[in-house]
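Engineer: So you can see what is in the structure, the chains are spelled out below.
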Amino acid sequence: MNNTISFALLHLAFCFTLVSFTPISALELHGTGANMVETTCQKTPFYNLCVSALKSDPRSSGANVAGLAQIGTDKLKAKATATLRQITALLKVAKDPKLKMALRDCADYYNAIVKYDIPVAVEAVTKGDPKFGVEGATDAANEADACGRGFKNEPKFPIYASNKVVHDLSAVVASIVQLLL
Amino acid sequence: MADINPLLPVSSSDGSSNLTGQATCRRPIKVVVSIFFGLLTVGLFAALLIRNNGPVDYVDVHENERGSLASTAFEKAENLKPVSRGPAAGVSEKSNWAFGGDLPDYPWNNSMLSWQRTAFHFQPEKNWMNDPNGPLFYKGWYHFFYQYNPNAPVWGDIVWGHAVSKDLIHWLHLPLAMVADQWYDKNGVWTGSATILHDGKIVMLYTGSTTEGVQVQNLAYPADQYDPLLVHWVKYPRNPVLVPPPGIGPNDFRDPTTAWLTSEGKWRITIGSKINKTGIALVYDTKDFINYEMLDGLLHAVPGTGMWECVDFFPVSETENNGLETSINGHGIKHVVKASLDDDRHDYYAIGTYNDRNGTWIPDRPNIDVGIGLRYDYGIYYAAKTFYDQNKKRRVLWGWIGESDSEAADVKKGWASVQSIPRTILFDKKTGTHLLQWPVEEIDSLRLKGKEFNQVRIQAGSVVPLDIDSATQLDIIAEFKIDSDALDKATGSSDASFDCVTSGGAAERGALGPFGLLVLADERLSEQTPVYFYMTKGSDGNLKTFFCNDQSRSSKASDVDKHIYGSLVPVLRGENLSIRILVDHSIIESFGQGGRTVITSRVYPTKAIHGAAKVFLFNNATELNVTASLKTWQMNSAFIQPYPNL
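Quick note, the sequences are listed as chains A and B, same order. Per the working numbering, residue 1 is the first one in the first sequence, and the count goes up by one each step. Per the working numbering, residue 182 is the first one in the second sequence, and the count goes up by one each step.
Mixed in with the good hints there might be a few duds.
Stated by the list, open to error - Some chain B residues judged to face chain A by a derived CB distance under 8 Å, without partners named:
(1) 333
(2) 335
(3) 369
(4) 394
(5) 396
(6) 431
(7) 523
(8) 526
(9) 588
(10) 592
(11) 740
Think of the hints as simulated: they come from the structure by calculation, not from any bench. Computed from a predicted model, the values in this text were never measured in an experiment. Here a beta-carbon is modelled for each residue, glycine too, at the ideal position from N, C-alpha and C.
Sequences are here, hints too, so could you generate the full structure?
Structural biologist: Encoded structure:
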C-alpha cells in the first residue's frame, strides 16, 4: 500500500509540474518558434493580418521580436511598393479629373512611405533606436489614412483593399516595434 | 505509443507491467494507478501540444487584395483610424492628431511651408536634426553639436552636425564634426557629452551603434586644441571605451553624460539604461576616460519608467542665482537627475541629494521621482542636455523640438526639427520644488520695435486685439492681475479633475479661466493658438492654477497635431500671473511664472501667417475680470548661416 501511495504521489507531482507549464503566460515567457509570432501578434491591432504576414516568411520561425519587426517592415515595403505601382498604372488610364487628383495625392503619400517611412523604420530597428521605428511605421499608417481620405467623396476607390492592407500592416509594425522600447 | 513518462516504471500503454517478482495481489492496484496517471500525463501533454497549434487563419496577403479588387470598385473610402502610438498616458505628439477628422490632407503650398521656417531658433539649413550633443564654451565660442541626417528630412544616417556662436543666438554652421566612418559607430554616431579637463582640454564621450548594431561608448577629442572653432575631431584609436555590461541589453546603453569629479579625484559619468521596465542610470568612474570601473550600485532607478535616454546629472545652488560647475558639491547644493523617457517622449527631472561616496542619488520627493513627476516642458521637447557655461557662470539647457505636422509635409519642405532657445536653469528658491527655465539674456539683443500696453481690462468673455505690426517673430512679457474679490466669491467645486490635456481647451469656460493670449491668430480668429491660465477652486477653498497651450484651433489643416498641452503651475501668495512667449513662425515657447512651467509647441497655421498673423488678449472665464499689462517686441532674425570663408 505504501509503495502504491508513493507511486501515486510521484505521478501526481509530475502531473502538477506539467499543469504548471500549460498556461499561455509561461509559454509567452519562453516563446519559441511559431508561438512567438502568435504572442507578438496578439499585441497588435490586426492579429490575423499580422500572423499571416509574418508566417509567410520562413524566417519568422525562430525569430525574436526584433527579427519579427524586420520581417514586418519587409512585408510592408513590398506591399507599399506594389500599391505605388498600382497607383501609377491607374493614373495612366484614369480619365476623371477628380479621380486623377486623388490618385496623384496617393502617389505622393506612397512615395513618402516607400522612400522615407519604411527606411526609417528599418534603420531604427536594425540600429537599435526603436522609437524612430514606431514613428516611421505610424507615419506610414497615417499616410495611407490620408490617401484614403482623398477618396471620401469619390464613388470609386480602386486601391481600397491594398491601401487598407498597407495601413493595417503599418499599424501592426508600429505595435511590434513598440515592444522593443 | 511510446512511453513518455520517464517517472513511470517501464510499462507499455496497455498497462501491463514489466515488474517481476511482485506479490500478485498488489499488482492490479499499481497497474490501475499507473494507467490513470499515465493517461492523465498523456492528456496534459496533448493539451499542451494542441494549444501550440491553435487554428490560424492563414490569409495570403496578396490573395486578399486580388480577390477583393473586383468587388471594391464601388466601395467608398473607409475611414481608416489614425494610428495611435505610445502608451495611452503619454501619447507622443505625432501619434494621434485629435480633431483630425475626415478632412483630406491639407494642400500645403510653398508660401505656407516656407513661412514655417524659424528666424531665430537654431536649425540646420535643411534635413533632419534631433538630440543636442556636447554643448560647451571654449576659447570665446559657444559650441553646439547635434544629431543630423545629411541625406533626408527624416531620422537616419545620423552624424554629428556642428555650429558655433559668440552669444548662443547668432549661429554659424561648421562642417560635420564626426561621421560614421568606424566599425564602432558605423550604424550611428549618436548622442554624447563634453567634459573640460583641469588643463582646459576637451574630451567627448559619445554613443556609437556598431556594425552589429550594438551600442558602445566612444572617446573623441579635438584634432587641434588651438583651433577655437574645433572644426576637426579625432576618435580614440582603440574605441570603444565602454561596451554594454553584463545584464544590460546591447540596445539599452547610450548617451553618456558630462563627467564630474568625485572626492577621490576620479571622473564619474552616468549612462541611462533599463532592466525590464525599470529605468536606470549606470555609474562609471575613470581617471583617463579610457579605462573605467563600473560602480556596483546605480545612481538611481525608477520602476515602470522604461528606458532612460539622454540622462543628465548636475548640481544647483539652493541660494545663489548662478549656475554651478558640474563637479561642485557641498552645503546648500542639490542635484538634479533628468531622463528622457523612451516610452513617452518626454523629459522628466527630479531634485534630490547626491551621495558622492557610493555614487547614488535620492529624490527629495519620491512621489515625483524621475519619470513620474515634473517635466522640463509640457509640450514638444526631448533629449534635453545642460552644460556649465564658465563664461557667464550659468547652467544652460538645450532641448530638441521635433515637428508635429505630417511627415509628408516635412518631406515637402525639406527639413524637420529645431532647437529651443537655450535656457538658463536655476533652482526655484521660492517653491523649493521646481527648476526655473528662462531664455538666455542674449535673446534680448534681437528685440527691435517694442510696444507697451498698460492695465488693459479684459471683461469676462471678451477678446481684445493688440495693435502691433507683425506678429510672427515676437517676444511678449505679460502680467495678469485678477480681482481677489472674484477669487474669494467663486464657489469651490469638489470636481478637482481639471487637466489641460483632457480639457476642452480655451473654449471651455470656467468661472476662473481660461484667460491669456491668442497668438498666431488671424483677424477672424479662424485660426488661433491660446496660451493661457485656468484657475480652479477646490471645495476646500484652495486655488490651483494651470498653464496651458491649446492647439485645437491652431490651424485649418487636419494633418497637424491638435492636442492641448500644459500642467499645474505653482503660484505663490502675492504673485501676479505672468507669461513670457517667444513666437518664431512655427514654434511657440511659453514660460509661466518666470519659467516654473514651460510649454513649447509647434504650430502650422494656413491663414494666420505672414502679415495676417495677429495677437489678442482674451478672457473666456465667466466670473472673472482680468487686467493685463504687457510689453511686446518685434524680434529680428538671428541670420543663422554657414561660417564665412572657412
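Engineer: So, as I understand it, the hint says residue 394(B) touches chain A; can you test that by seeing if any CB pair is closer than 8 Å?
Structural biologist: holds (5 Å)
Engineer: Against chain A, is residue 523(B) within 8 Å by beta-carbon distance?
Structural biologist: holds (5 Å)
Engineer: Have a go at the residue 526(B) hint: is there a Cβ in chain A nearer than 8 Å to its own Cβ?
Structural biologist: At 7 Å from the nearest chain A Cβ, residue 526(B) passes the 8 Å test, so the hint holds.
Engineer: Taking the least C-beta to C-beta distance, is residue 588(B) closer than 8 Å to chain A?
Structural biologist: Holds. Min distance 4 Å.
Engineer: Given residue 592(B) as an interface hint, is its Cβ closer than 8 Å to any Cβ of chain A?
Structural biologist: Hint on residue 592(B): holds, closest Cβ of chain A at ~5 Å, below 8 Å.
Engineer: Does residue 431(B) pass the interface check with chain A, least Cβ-Cβ distance below 8 Å?
Structural biologist: holds (7 Å)
Engineer: Is the interface hint for residue 396(B) satisfied, with its Cβ closer than 8 Å to some Cβ of chain A?
Structural biologist: OK, holds: residue 396(B) within 8 Å of chain A, min 6 Å.
Engineer: Can residue 369(B) be said to touch chain A, with a Cβ gap under 8 Å?
Structural biologist: holds (5 Å)
Engineer: Under 8 Å is the threshold here; is the Cβ of residue 335(B) close enough to any Cβ of chain A for the hint to stand?
Structural biologist: Holds: closest Cβ of chain A sits about 5 Å from residue 335(B), inside 8 Å.
Engineer: Please check whether residue 333(B) passes as an interface residue: C-beta within 8 Å of a C-beta belonging to chain A.
Structural biologist: holds (6 Å)
Engineer: Would the hint on residue 740(B) be counted as holding, given a Cβ-Cβ threshold of 8 Å to chain A?
Structural biologist: With Cβ-Cβ at 6 Å, under 8 Å, it holds.
Taken one by one, the earlier hints all hold for this structure without exception.
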